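A.B. asks: Now for the letters of each chain:
Protein chains: 2
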Amino acid sequence: MNLVALAGGVGGAKLVDGLARCVPPDRLTVIVNTGDDFCHFGLHISPDLDTVCYTLAGIANPDTGWGRMGDTWAVMEEIGRLGGPTWFRLGDRDLATHLERTRRLQQGERLSEVVAAFCQAWGIKVKVLPMSDDPVSTIVLTKEGDELGFQDYFVAQQCQPEVKGFRFMGSETAQPAPGVLEALWGADLVILCPSNPWVSIGPILTLPGVREALMQKPVIAVSPLVGGQALKGPAAKMFRELGWQPSPLAVAHFYQPLLHGILVDNSDAMMAEEIQHLGIIPHVTDIVMRDEQDRIRLAKEAVTFGQAVREALSL
Amino acid sequence: MNLVALAGGVGGAKLVDGLARCVPPDRLTVIVNTGDDFCHFGLHISPDLDTVCYTLAGIANPDTGWGRMGDTWAVMEEIGRLGGPTWFRLGDRDLATHLERTRRLQQGERLSEVVAAFCQAWGIKVKVLPMSDDPVSTIVLTKEGDELGFQDYFVAQQCQPEVKGFRFMGSETAQPAPGVLEALWGADLVILCPSNPWVSIGPILTLPGVREALMQKPVIAVSPLVGGQALKGPAAKMFRELGWQPSPLAVAHFYQPLLHGILVDNSDAMMAEEIQHLGIIPHVTDIVMRDEQDRIRLAKEAVTFGQAVREALSL
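Top line first, the protein sequences correspond to chains S and W. Heads up: the first sequence is residues 1 to 315, going by our numbering. Heads up: the second sequence is residues 1001 to 1315, going by our numbering.
Be aware that a few hints might be false.
What the hints assert, rightly or not - Coverage of chain W stretches by chain S, computed from C-beta distances (three or more under 8 angstroms per stretch; other residues unrestricted):
1. 1074 to 1087
2. 1090 to 1097
3. 1172 to 1184
4. 1192 to 1203
To be verified - Calculated from the model, a selection of chain W residues having no Cβ within reach of chain S, i.e. all distances over 12 angstroms:
5. E1100
6. R1101
7. T1102
8. L1105
9. Q1106
10. K1164
11. T1206
12. A1269
13. T1304
Stated by the list, open to error - A few chain S residues facing chain W, derived, Cβ under 10 angstroms:
14. P24
15. R68
16. M76
17. G80
18. R81
19. D92
FYI, nobody ran anything at the bench for these hints, they're computed from the structure. Predicted model, so just to flag it, every value in this text is computed and none were measured. Just so it is clear, CB atoms sit at the ideal spot from N, CA and C, and this is done for glycine as well.
Excised from the complex, chain S in its bound form:
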């Protein structure tokens, strides 16, 4: 069975890691959001790609969810001494990734080629694809009328501004990276990872051809919301500010009409019926990934559930 996972940052990376440990590597393709990518110190920084790759390589910082395990901070401390910006924390080893990525891009390599080279260096066997080789920038539109770059909103302003909407700058002209549509059309099951629907999965869905392919495939999601809260990040806050009661039901609504099934947490069991009314099959289980065992268990459960959904759809 060919699996495709769409993922953003931390939550998505954890599920992808679980999937990579329970399916053959040549059967899994991960398509990663690059809407959060930005330029800082002249470097091309791809937060979601790095979180997914560091996690798959077993070198992610388990405490922060971003950056490298056991990284040091010599460069950042020194930048602080020079009066430079330190709001976006760049560890020394993490910086090497950004420097080498930037160098390769400037030499004419495409982002997808850089990712492939890094995956090889890091011993990652599953295929990781950026959603696009073209720049797409998630812009957060605030109630105050500001248009904030995502990292400005997310890191510098710590998600404080009230959100009115989003704009994915560049998505009108951006093409899916080589392999993205091929993977989707070749998929037997697509899993939307527990990442922020608005700013992690959403940008991927805006790319030409992605929705069209997904509409022909069995698609399941793992809810990024548990008991009305996001486990990490501003997803619940965004749903609320945009007028939705944050819950797996809202997530299911969000992904309509392309979603066929959704894994929701035991604590949200009472919503199963309403989700079913949307024509989406709910699967109630423990979806919180506390450790590696949880990642593998949830990944297996998602695949098994996905197969059942696929059979039910006779797709």
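Given chain S, work out where chain W should sit, using these hints.
C.D. replies: Coordinates of chain W only, in the frame set by chain S:
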């Protein structure tokens, strides 16, 4: 007395450090070569500026002559693991300088403004100026017909290729940085530091207005060659490949007609007469700077000698 020193890398930085320790800070301006500047990993790297500033700030690596004292190598090691280029060694703390410089330049600051900000952060009291805010790139023309960027020649190819000449790309349109001509015109004495005449002092002399100002001023040099050898770097090799017997006499020739005096090493005392025949006053002394005491002693001796030259010229 207003002093201006023209400097390149290691040797120049040492004398500048000596000068800074024996004249009032508001009386010394250092004009630094930027012909070696280059772009690596998308970062603007200014090797000579950094060597001069690190040395003045007391944070230079005393063993290598470049980079920072006690620096660590986490980033570089990791870049190596990713298959990236490691031929230009960038320490972690040194990288912070390049990152913050690049960020400021991209925000529209001029190089001279960046240098001023860094000098303040590092507690450097004397005025350090880049020779130009405009890009000037030293290109090494080889006997084999190649045109090598300076760092490619100097670091990657370790000065192996035989030199046929130099080109200073951009120098036709580059302007001296703000303050450079003002400092030169206001100088009571100009000291050409013991830096490579061809590729460290030479580029500064190509800038419009610099030679004209120097022609009106008492100018002395400290020979970068001792006993036919450069203490560091390819100066002797360059002189030889370009058809000159490497010696303080060749240095004096090189700087004609703008040079009035030159400090040469005891081991080159036999050349004093020939130098005198060029109309340049030789001063024979120990010009090798082994430690801080040497730097201060030589700086004092240079200033005293310069004053004598100045009086002899009645300039």
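A.B. asks: Hints first: check each against the structure and report whether it holds.
C.D. replies: Taking the hints in turn, this is what the structure says about them:
1. 1074 to 1087: Contact hint for the region 1074 to 1087 of chain W vs chain S: holds, 11 residues under 8 angstroms.
2. 1090 to 1097: With 5 residues in contact (Cβ-Cβ under 8 angstroms with chain S), the coverage given for the region 1090 to 1097 of chain W holds.
3. 1172 to 1184: violated (count 0)
4. 1192 to 1203: Coverage by chain S is violated for the region 1192 to 1203 of chain W (0 residues, Cβ < 8 angstroms).
5. E1100: 4 angstroms, violated
6. R1101: Violated, since 9 angstroms does not exceed 12 angstroms.
7. T1102: Not fine: 4 angstroms to the nearest Cβ puts T1102/W too close to chain S.
8. L1105: Nearest chain S Cβ is 8 angstroms from L1105/W, so the label is violated.
9. Q1106: The assertion about Q1106/W is violated, with a minimum of 6 angstroms to chain S.
10. K1164: 28 angstroms, holds
11. T1206: Correct as stated: the minimum Cβ-Cβ distance to chain S is 28 angstroms, above 12 angstroms.
12. A1269: At roughly 45 angstroms from the nearest Cβ of chain S, A1269/W sits farther out than 12 angstroms, so the non-interface label holds.
13. T1304: Correct as stated: the minimum Cβ-Cβ distance to chain S is 37 angstroms, above 12 angstroms.
14. P24: Since chain W brings no Cβ nearer than about 26 angstroms to P24/S, farther than 10 angstroms, the hint is violated.
15. R68: 9 angstroms, holds
16. M76: Interface hint status for M76/S: holds (8 angstroms vs cutoff 10 angstroms).
17. G80: Cβ of G80/S sits 9 angstroms from chain W, so the hint holds.
18. R81: 6 angstroms, holds
19. D92: Hint holds; D92/S Cβ to chain W Cβ min 4 angstroms, cut 10 angstroms.
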